[in-house]
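Listed below are the residues making up each chain.
Number of protein chains: 2
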Amino acid sequence: MRRTSFSDMSCSIARTLEQVGDWWTLLLVREAFFGTRRFGEFQSHLGIAPNVLTQRLQDLVQHGILEVTAASENGRALDYRLTDKGRDLFPIIVALAQWGDRHAPAPGGPPVVIVDRDLQRPIAPLQVRADDGRVLQARDVAVKLTRG
Amino acid sequence: MRRTSFSDMSCSIARTLEQVGDWWTLLLVREAFFGTRRFGEFQSHLGIAPNVLTQRLQDLVQHGILEVTAASENGRALDYRLTDKGRDLFPIIVALAQWGDRHAPAPGGPPVVIVDRDLQRPIAPLQVRADDGRVLQARDVAVKLTRG
Chain Z
7 MRRTSFSDMS CSIARTLEQV GDWWTLLLVR EAFFGTRRFG EFQSHLGIAP
57 NVLTQRLQDL VQHGILEVTA ASENGRALDY RLTDKGRDLF PIIVALAQWG
107 DRHAPAPGGP PVVIVDRDLQ RPIAPLQVRA DDGRVLQARD VAVKLTRG
Chain Y
7 MRRTSFSDMS CSIARTLEQV GDWWTLLLVR EAFFGTRRFG EFQSHLGIAP
57 NVLTQRLQDL VQHGILEVTA ASENGRALDY RLTDKGRDLF PIIVALAQWG
107 DRHAPAPGGP PVVIVDRDLQ RPIAPLQVRA DDGRVLQARD VAVKLTRG
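Which chain is which? The protein sequence lines are Z and Y, in order. Numbering-wise, the first sequence is residues 7 to 154 according to the working numbering. Numbering-wise, the second sequence is residues 7 to 154 according to the working numbering.
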């Protein structure tokens, strides 16, 4: 990529990181994609301290990435679910997983793979594409000001 | 995604985050994609404290994401460049930027867009795809153990 404006370009990435640029936050989002809904499940799956979990869930709800609903009629149990905004994090989660599979693998290779539910075959590596579908490398793109 | 094994699945994402799951680290990688090479440039573009910058650059070199080369013959100036492993972070950077453009935009919309250098048109939104090219949503994938 060629430089146009650092302070401008930093916006979108920095703004994303302000909302999800925390280790625990992204692992919570990953759990939510796996179907985790309850406080206790998040806690046991991640081994996260309750006070940290409370804060991170609150942050995610405040950012509109998770929404809270009453899981039962008496309203005591709460469900945390991804909103549309949260579900749009899917490519980020996949990109992180695929890079880790390739460059920071567990000994013996990745223990699990993300598969297409229909074919049960591993999904394709994420690729950056042009508007017309051509696959692009970093050297093939530039950043462009949208307003003077 | 359906759950297969949390502790297993956590590997790849958690392992990625161990290497790049730090706000400054990803912004340094972004800068490197923009063509930033020198310590002083990273510092002035990001407004990062020198001691923090030194540590983060060291971490990135240690993880094999950046490599250091002598920029001049006397060897005093050092260049930090992305390795192949570092360049493979491109989809992560694009995914973060696109999510931010959509869900955490600057007032008035994104000030810059990533364009295809040939067409000068905005690149396509990143899409997760099956092996046969079908576009997949989170609900269309599952995680599968690769070994018993």
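Watch out, some of these pointers could steer you wrong.
No copy labels: a pair is met if it fits in one copy or bridges any two.
Said to hold, decoys possible - Cut-off 16 angstroms, straight-line C-alpha distance, at most; resulting in silico cross-link-like pairs (EDC-like, lysine to aspartate or glutamate):
| no. | residue 1 | residue 2 |
| --- | --- | --- |
| 1 | 150 | 122 |
| 2 | 150 | 124 |
| 3 | 91 | 138 |
| 4 | 150 | 90 |
| 5 | 91 | 73 |
| 6 | 150 | 28 |
| 7 | 150 | 79 |
| 8 | 91 | 65 |
| 9 | 150 | 138 |
| 10 | 91 | 122 |
| 11 | 91 | 47 |
| 12 | 150 | 65 |
| 13 | 91 | 24 |
| 14 | 150 | 94 |
| 15 | 150 | 85 |
By construction, these hints were calculated from the structure, which means they are not laboratory data.
Comparing the hints with the structure gives:
no.	hint	result
1	150 <-> 122	between (35 angstroms within a copy, 10 angstroms between copies)
2	150 <-> 124	between (39 angstroms within a copy, 13 angstroms between copies)
3	91 <-> 138	neither (26 angstroms within a copy, 27 angstroms between copies)
4	150 <-> 90	neither (28 angstroms within a copy, 25 angstroms between copies)
5	91 <-> 73	within (10 angstroms within a copy, 36 angstroms between copies)
6	150 <-> 28	neither (28 angstroms within a copy, 26 angstroms between copies)
7	150 <-> 79	neither (52 angstroms within a copy, 34 angstroms between copies)
8	91 <-> 65	within (14 angstroms within a copy, 32 angstroms between copies)
9	150 <-> 138	neither (18 angstroms within a copy, 32 angstroms between copies)
10	91 <-> 122	neither (22 angstroms within a copy, 26 angstroms between copies)
11	91 <-> 47	neither (22 angstroms within a copy, 34 angstroms between copies)
12	150 <-> 65	neither (32 angstroms within a copy, 31 angstroms between copies)
13	91 <-> 24	within (15 angstroms within a copy, 25 angstroms between copies)
14	150 <-> 94	neither (24 angstroms within a copy, 22 angstroms between copies)
15	150 <-> 85	neither (42 angstroms within a copy, 25 angstroms between copies)
Figure legend: structure checked against the earlier numbered hints; hints not met, in rising order: 3, 4, 6, 7, 9, 10, 11, 12, 14 and 15.
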